[in-house]
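J.: So you can see what is in the structure, the chains are spelled out below.
Number of protein chains: 2
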Amino acid sequence: MNPCVIPTFPVDIVGDGRWMSMHNRFVQQAKSSEPDVVLIGDSIIQQLQFSSLWTEKISSLHCINLGIGGDRVENVLWRIKNGEFYFPTRVKAVVLFVGTNNTDCTPHEIFEGILEIVKQIKQLLGNVIIVIPTLLPRGQFPNPYRERNDHVNTFLVDKFSNEANKDELTENVHVVKIHENIVGNDQTISHHIMHDYLHLTNKGYTKIFGKVYDTLCELLQTS
Amino acid sequence: MNPCVIPTFPVDIVGDGRWMSMHNRFVQQAKSSEPDVVLIGDSIIQQLQFSSLWTEKISSLHCINLGIGGDRVENVLWRIKNGEFYFPTRVKAVVLFVGTNNTDCTPHEIFEGILEIVKQIKQLLGNVIIVIPTLLPRGQFPNPYRERNDHVNTFLVDKFSNEANKDELTENVHVVKIHENIVGNDQTISHHIMHDYLHLTNKGYTKIFGKVYDTLCELLQTS
Numbered sequence: 001m002n003p004c005v006i007p008t009f010p011v012d013i014v015g016d017g018r019w020m021s022m023h024n025r026f027v028q029q030a031k032s033s034e035p036d037v038v039l040i041g042d043s044i045i046q047q048l049q050f051s052s053l054w055t056e057k058i059s060s061l062h063c064i065n066l067g068i069g070g071d072r073v074e075n076v077l078w079r080i081k082n083g084e085f086y087f088p089t090r091v092k093a094v095v096l097f098v099g100t101n102n103t104d105c106t107p108h109e110i111f112e113g114i115l116e117i118v119k120q121i122k123q124l125l126g127n128v129i130i131v132i133p134t135l136l137p138r139g140q141f142p143n144p145y146r147e148r149n150d151h152v153n154t155f156l157v158d159k160f161s162n163e164a165n166k167d168e169l170t171e172n173v174h175v176v177k178i179h180e181n182i183v184g185n186d187q188t189i190s191h192h193i194m195h196d197y198l199h200l201t202n203k204g205y206t207k208i209f210g211k212v213y214d215t216l217c218e219l220l221q222t223s
Numbered sequence: 001m002n003p004c005v006i007p008t009f010p011v012d013i014v015g016d017g018r019w020m021s022m023h024n025r026f027v028q029q030a031k032s033s034e035p036d037v038v039l040i041g042d043s044i045i046q047q048l049q050f051s052s053l054w055t056e057k058i059s060s061l062h063c064i065n066l067g068i069g070g071d072r073v074e075n076v077l078w079r080i081k082n083g084e085f086y087f088p089t090r091v092k093a094v095v096l097f098v099g100t101n102n103t104d105c106t107p108h109e110i111f112e113g114i115l116e117i118v119k120q121i122k123q124l125l126g127n128v129i130i131v132i133p134t135l136l137p138r139g140q141f142p143n144p145y146r147e148r149n150d151h152v153n154t155f156l157v158d159k160f161s162n163e164a165n166k167d168e169l170t171e172n173v174h175v176v177k178i179h180e181n182i183v184g185n186d187q188t189i190s191h192h193i194m195h196d197y198l199h200l201t202n203k204g205y206t207k208i209f210g211k212v213y214d215t216l217c218e219l220l221q222t223s
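As you go down the protein sequences, you meet chains H and B in turn.
Using UniProt numbering, the first residue of the first sequence is number 1, and each one after it goes up by one.
Using UniProt numbering, the first residue of the second sequence is number 1, and each one after it goes up by one.
The hints are simulated quantities; they were obtained by calculation from the structure and are not laboratory data.
Mixed in with the good hints there might be a few duds.
Distance windows between CB atoms, simulated [to be verified]:
#, chain 1, residue 1, chain 2, residue 2, range
1, B, 221, H, 27, 45 to 53 Å
2, H, 192, B, 8, 26 to 34 Å
3, H, 62, B, 124, 49 to 57 Å
Okay, derived cross-link-like pairs now, PhoX-like style, lysine-lysine, Cα gap no bigger than 25 Å in a straight line [unchecked claim]:
#, chain 1, residue 1, chain 2, residue 2
4, B, 57, H, 203
5, B, 166, H, 57
6, B, 203, H, 203
Partial selection, computed: residues in chain H whose CB lies under 8 Å from chain B [what the hints assert, rightly or not]:
#, residue
7, 14
8, 16
9, 22
10, 103
11, 145
12, 191
13, 196
14, 202
Beta carbons are placed, not taken as given, at the ideal position from N, Cα and C, and that holds for glycine.
In isolation and in its complexed conformation, chain H is listed as follows (with noise of 0.2 Å):
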């Protein structure tokens, strides 16, 4: 059974309770907040919301942040299923962003997962815009995980901007090609733009999500 597609919380192997703290304060904030965008995924969408491309644009939107470090593709399902999509109001768009923690699935397994979540976000708020960026490249030299996640984009471009593929799971999903040009001619990738080789510095927010936020204003316009 590919373990994308099974709902999971992690174990708390430290033992502070800090995810599932997180998970409880994201489900009251549910409750409580009418946003029209919603963000989900693991920390480069958590550490966004400390980005200047945060303060000086995405949160006119009128966002929720929903980033988790360290959250796999089975982390952000439970979540869904478990409160964290509950809102009062009609959401408008959700950014879903996470993958690249699952280090030990198959690139098609973790694509599965993924159409899993859309799924679950279909069920719970209708037909509302989702935005998939492509996942990240990692580490400063080529490695067999910069490969994976590359595989999964395939998939993801294949699968939802192909028209042959359409059906009802793709209808209104948009993926944004934010993977490409960040890998230079000589195969490293720059310090200025992800200051440890997998999250993102200022800058980086900027030039990467910089084409989310243009996706999601071009979206909410016609929609």
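Using the hints provided, position chain B relative to the given structure of chain H.
T.: Just chain B, lined up with the frame of chain H:
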């Protein structure tokens, strides 16, 4: 043998080489930069450089930030012994902040590891000012890891602030008690200060690391 006093680099479980990339970059940066203040530690130091406190105040002290997310005491010890502290000019002050990731160690082991790092810094940089902020509490609710960090702090304060324990090692080392007034009367930690009950928000950095900045300014002025 206490694992905290054995210089160790972390196993690259994922296989994307990010930790070693960061270390190698820091070694190169050390060689070519002429910082007055060096900050070294884990993700809390690493993310400090994306806070408004950093931009508005700390960066003006002519700093280099050697924070690596997830770092343990023995990893910082390894980095210092392996080139990150080989600066071409005299460093005035070091801020050392690590220990919360040693969740499987005893408070005394963590404390001894920090002493070992102090010893190593003094060997390499001479009688530099060393500022050690106390470890922060973690987890929304009381848990054993808050107590563990508190015990480390008790050892640190006793060693470096108690006149009776002064020796060659404690000279010019200053513990800053940043751990106080974070946990509320109801024993919880607010997400307005620690967004994930471990890492600091912008507001949290200003409130908590503001004390470190003030101490640094004071010590640098009188040095």
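J.: Against each hint, give a clear statement of whether it holds in the structure.
T.: We went through each hint and held it up to the structure:
Judged by the Cβ atoms, the range 45 to 53 Å given for residue 221 of chain B and residue 27 of chain H holds: they are separated by roughly 49 Å. Remark: the range hint 26 to 34 Å for residue 192 of chain H to residue 8 of chain B is upheld by a beta-carbon distance near 29 Å. With their beta carbons about 51 Å apart, residue 62 of chain H and residue 124 of chain B fall inside the hinted range of 49 to 57 Å. A threshold of 25 Å between alpha carbons decides the hint, and for residue 57 of chain B with residue 203 of chain H the separation of about 20 Å falls inside it, so the pair holds.
For the hint pairing residue 166 of chain B with residue 57 of chain H, the CA-to-CA distance comes to about 52 Å; that exceeds 25 Å, so the pair is violated. The straight-line distance between the Cα atoms of residue 203 of chain B and residue 203 of chain H is roughly 21 Å, inside the 25 Å bound, and the hint therefore holds. Taken as an interface hint, residue 14 of chain H checks out: its beta carbon lies about 5 Å from the nearest beta carbon of chain B, inside 8 Å. For residue 16 of chain H, the interface hint holds, the least distance from its beta-carbon to any beta-carbon of chain B being 3 Å, beneath 8 Å.
Look at residue 22 of chain H: its Cβ gets to within about 6 Å of chain B, closer than 8 Å, so that hint holds up. With a cut of 8 Å, the hint placing residue 103 of chain H at the interface with chain B holds, because the nearest CB-to-CB distance is about 5 Å. Against a cut-off of 8 Å between C-beta atoms, the interface hint on residue 145 of chain H holds, since the closest Cβ of chain B lies about 5 Å away. A hinted interface residue such as residue 191 of chain H counts as satisfied when its beta carbon comes closer than 8 Å to some beta carbon of chain B; here the least separation is about 6 Å, so the hint holds.
Taken as an interface hint, residue 196 of chain H checks out: its beta carbon lies about 6 Å from the nearest beta carbon of chain B, inside 8 Å. Contact between residue 202 of chain H and chain B, as hinted, is supported at the beta carbon level, the nearest pair being about 6 Å apart and thus within 8 Å.
The structure is inconsistent with hint 5 alone, although it conforms to all the rest.
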